[in-house]
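Let's have the full structure, built from the sequences with the hints guiding it.
One letter stands for each residue in the lines below.
Protein chains: 2
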Amino acid sequence: MTIKIALLGFGTVASGVPFLLRENAEKITTAAGSNIEIAKVLVRDDAEKNSLIEKGHQYNFVTSIDDILTDSDIDIVIELMGRIEPAKTFITQALQAKKHVVTANKDLLALHGAELLAIAAENDVALYYEAAVAGGIPILRTLVNSYQSDKITKILGVVNGTSNFMMTKMVDEGWTYDEALAEASRLGYAESDPTNDVDGIDAAYKMVLLSQFAFGMTINFDDVRHEGIRNITPEDVDLAQKLGFVIKLVGEIVERKSGIYAEVVPTFLPIEHQLATVNGVMNAVFVESIGIGEAMFYGPGAGQKPTATSVVADIIALSQGINKGEKLLPFNTFTRDTVYAQKEDLLDKYYFAIETEDKAGQLLLLAELFNAEKASFEQVFQENIDENRASIAIISHKMDLNQFDSLVEKIAALPGFTLRNTIKVI
Amino acid sequence: MTIKIALLGFGTVASGVPFLLRENAEKITTAAGSNIEIAKVLVRDDAEKNSLIEKGHQYNFVTSIDDILTDSDIDIVIELMGRIEPAKTFITQALQAKKHVVTANKDLLALHGAELLAIAAENDVALYYEAAVAGGIPILRTLVNSYQSDKITKILGVVNGTSNFMMTKMVDEGWTYDEALAEASRLGYAESDPTNDVDGIDAAYKMVLLSQFAFGMTINFDDVRHEGIRNITPEDVDLAQKLGFVIKLVGEIVERKSGIYAEVVPTFLPIEHQLATVNGVMNAVFVESIGIGEAMFYGPGAGQKPTATSVVADIIALSQGINKGEKLLPFNTFTRDTVYAQKEDLLDKYYFAIETEDKAGQLLLLAELFNAEKASFEQVFQENIDENRASIAIISHKMDLNQFDSLVEKIAALPGFTLRNTIKVI
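Sequence order for the protein chains is Y and D.
The first sequence begins at 1 in full-length UniProt numbering and counts up one residue at a time.
The second sequence begins at 1 in full-length UniProt numbering and counts up one residue at a time.
Calculated directly from the structure, the hints in this document are not laboratory data.
Keep in mind it's a predicted model, so treat the numbers as computed, not measured.
Hints should not be assumed to be uniformly reliable.
Okay, the calculated beta carbon distance ranges per label pair [unchecked claim]:
1. Y:Glu173 - D:Asp238: 22 to 30 angstroms
2. Y:Tyr340 - D:Asn35: 25 to 33 angstroms
3. Y:Tyr340 - D:Lys242: 47 to 55 angstroms
Calculated lysine to aspartate or glutamate pairs in the EDC-like style (CA-CA distance at most 16 angstroms, straight line) [said to hold, decoys possible]:
4. Y:Lys327 - D:Glu326
5. Y:Lys257 - D:Glu23
6. D:Lys169 - Y:Glu272
7. D:Lys327 - Y:Glu326
8. D:Lys151 - Y:Glu23
9. D:Lys27 - Y:Asp337
10. D:Lys151 - Y:Glu26
11. D:Lys257 - Y:Glu23
12. Y:Lys151 - D:Glu26
13. Y:Lys324 - D:Glu326
14. Y:Lys27 - D:Asp337
15. Y:Lys151 - D:Glu23
16. Y:Lys169 - D:Glu272
Sample of chain D residues at the chain Y side, in silico, Cβ under 8 angstroms [unchecked claim]:
17. Glu23
18. Ser149
19. Ile290
20. Gly293
21. Met296
22. Pro300
23. Ala308
Note that the Cβ used here is the ideal one computed from N, Cα and C, for glycine as well.
Printed below as a string of structure tokens:
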């Protein structure tokens, strides 16, 4: 038997799929219980088609999605175009045409996943997307298969390779943010508009997906607090190092008594924390649970072959179900009603980097302000910037998110003080 | 519907099973599609039974395996007694009685797995054992489910918590082997006879199982070269640190052109290698493959709750199959004929720690000996031990395993020289 697949798009990741199907043919065929055949490949237009044919690619290239939708021999559609449209329309149409779909499109799934999963369910087909979180790390399927006996209490993730590459350079080499961004751009890790990577948006998309698999709840993208790495200075990095921390952009999802909460924020990680050693463009997801305790899953977050490997793992899993002739389960079957945590339940330590006039009584003003919020200092470091200005770094004791938000607002409003940065401390 | 299970043994790990079934009841029931009920618990004798009842345990304790074998309501038997017998007999009988079996017994599986899997297949039942390798790390199921699209080329594993705890103390604190062993014993990590842990035997068992899941081949336990950490001295650790390495007991399985090879040996790991940061009793399996590239799976290697979590994950997977009424697949479906690598295909660098009389020409003798084997030095360190003796440490260039074995034999036979230790360099 042969399972026929169609690729939407033939960019870098998509061309990794035939690589694996060829290099690992025997194992894949045995595991899938079928040959996997690339029956059609959708490209933009005739120009792209002709250019690919000239390069020697011998696929059945088509330029209209209808050629795939109306082809009843095609079992699985693989969407690897990225962005929201036309990917969303094509996936919707494929599901409605009763074709299973595999995608790596995290933006789309984070923003419109519920809608697409409902369409899949209505049409008795499945939508799989292992590659959408941390590219090559088999994290979603592992949460589905191996954590169903366990109860997860916390996820910590370094899931954006670009910002982690930059933070690694800022920590190891003492580079500024701008220097790190320039190098990331030069190496092709950062796009011309790096917003999604450096402001935590890409990582926040992944937190939405991880919240579904790890906690059975869907956190709306708009409810994932996210802050990026733009404000981090060599002074922040230095102080972190002196205190035994490294700074990374960390996504966190926790379940507390009142519910769940997710954020992506710069974080002081203790150097002995397993996540602190995840460097460069590598990704890792650290999982805390009542059964296993602490575990971490480390690997490449992107790249042609890693992403294609996750895509082909989905194709194999779907093929196994198709060959059994059974109704395929949704990728993630763990669902509960989403309940958000109350801010009082979210306790953390924070680092505050503040600049102020260098005159007597400034620290006292800050201490009074913290005291009024029932918050307190764990450590304070004061240094002169020049004759007139001083830098004050505070590591606080634990406070809840209401206290933190209120303090940030009040420090920012304090005449003569500049709140330069805040960083969560783990 | 209810799936009834029987526990063989009610030691530490076994009592973690009811903990999870209780604390995580809703999620487990939903995932399994059934209630999971502990129908019977086999204990040694009436004395143990009475003692457990006095402690408040309210299970249906039985003292004869026949009470479980003849109970047609019992679907799954969970063997958590450890050791070879009577576990082997009981598992055999349970499979023959058409009951699925879950076990964490790596010694048994490494030595008699093929036989037990054949009995399972004959009786159309399944034998699952996620907990047998690296306790709480969901590595076997991940290799089954997520690496079927990929081709693994190398596995590196820190898979023995006791020896890794000791090596961590020897590296971080400069302790001797004896000091580290004393502390491991005091904390209950090392048994009164620590042989299996410190001589690499336990890790070698795990390499046998990993070879099946990662490479589809079964390496016989007797073919896993294994050497432990007894000979490692603070001098070895010091030199490693000076050169940017840490020493760990590492299991390695590689596939080369000629076939596969597994060994468990002390290893110089570069400090920037992800495995080098796996400390204390924690375990990790580092996987190299043509698709994903480099990935690592980190977590607890043992312990009540982690091991029970893996056991319950197996119970859920079996329950899902039982509820579908379908024939259950073997845990691992990836099998190829086992072909062993030729020694000429196995190239590594090695560290040689040698003691000799402190007189002229000794290093020349060693250089001649290496040269005769077509091997060569990359780095040499010489130090006086006392007035009469010198210590020579050599890091070689890459050599194959024939060259290495021959050199070890010849250095050991060289009058006036003592080959104190050899360690592989990654």
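Keeping to a limit of 16 angstroms between CA atoms, is the pair of Lys327 (chain D) and Glu326 (chain Y) held or broken?
At roughly 14 angstroms apart (the allowed maximum being 16 angstroms), Glu326 (chain Y) and Lys327 (chain D) satisfy the hint.
Satisfaction of the Ala308 (chain D) interface hint, Cβ to chain Y closer than 8 angstroms:
Ala308 (chain D) check passes; min Cβ-Cβ to chain Y is 7 angstroms, inside 8 angstroms.
Given the hinted pair Lys27 (chain D) and Asp337 (chain Y), is their Cα-Cα distance within 16 angstroms?
holds (13 angstroms)
Within a Cα-Cα threshold of 16 angstroms, do Lys151 (chain D) and Glu23 (chain Y) meet the stated pairing?
holds (8 angstroms)
When the least beta-carbon distance from Met296 (chain D) to chain Y is tested against 8 angstroms, hint result:
holds (4 angstroms)
Quickly compare the C-alpha distance for Lys151 (chain Y) and Glu23 (chain D) to 16 angstroms and report which way the hint goes.
Holds, at about 8 angstroms.
Given the hinted pair Lys169 (chain D) and Glu272 (chain Y), is their Cα-Cα distance within 16 angstroms?
holds (15 angstroms)
May I ask you to test the hint 22 to 30 angstroms on the CB atoms belonging to Glu173 (chain Y) and Asp238 (chain D)?
holds (28 angstroms)
Cβ distance range 25 to 33 angstroms for Tyr340 (chain Y) and Asn35 (chain D), holds or violated
holds (31 angstroms)
Given the hinted pair Lys27 (chain Y) and Asp337 (chain D), is their alpha-carbon gap at most 16 angstroms?
Holds, at about 13 angstroms.
What's the verdict on Lys169 (chain Y) and Glu272 (chain D), does the C-alpha distance respect the 16 angstroms limit or exceed it?
Answer holds: Lys169 (chain Y) to Glu272 (chain D) is near 15 angstroms, not above 16 angstroms.
Holds or violated: the 47 to 55 angstroms window for the beta-carbon distance between Tyr340 (chain Y) and Lys242 (chain D)?
Cβ of Tyr340 (chain Y) to Cβ of Lys242 (chain D): about 52 angstroms, so the range 47 to 55 angstroms holds.
Of the numbered hints stated above, none is contradicted by the structure.
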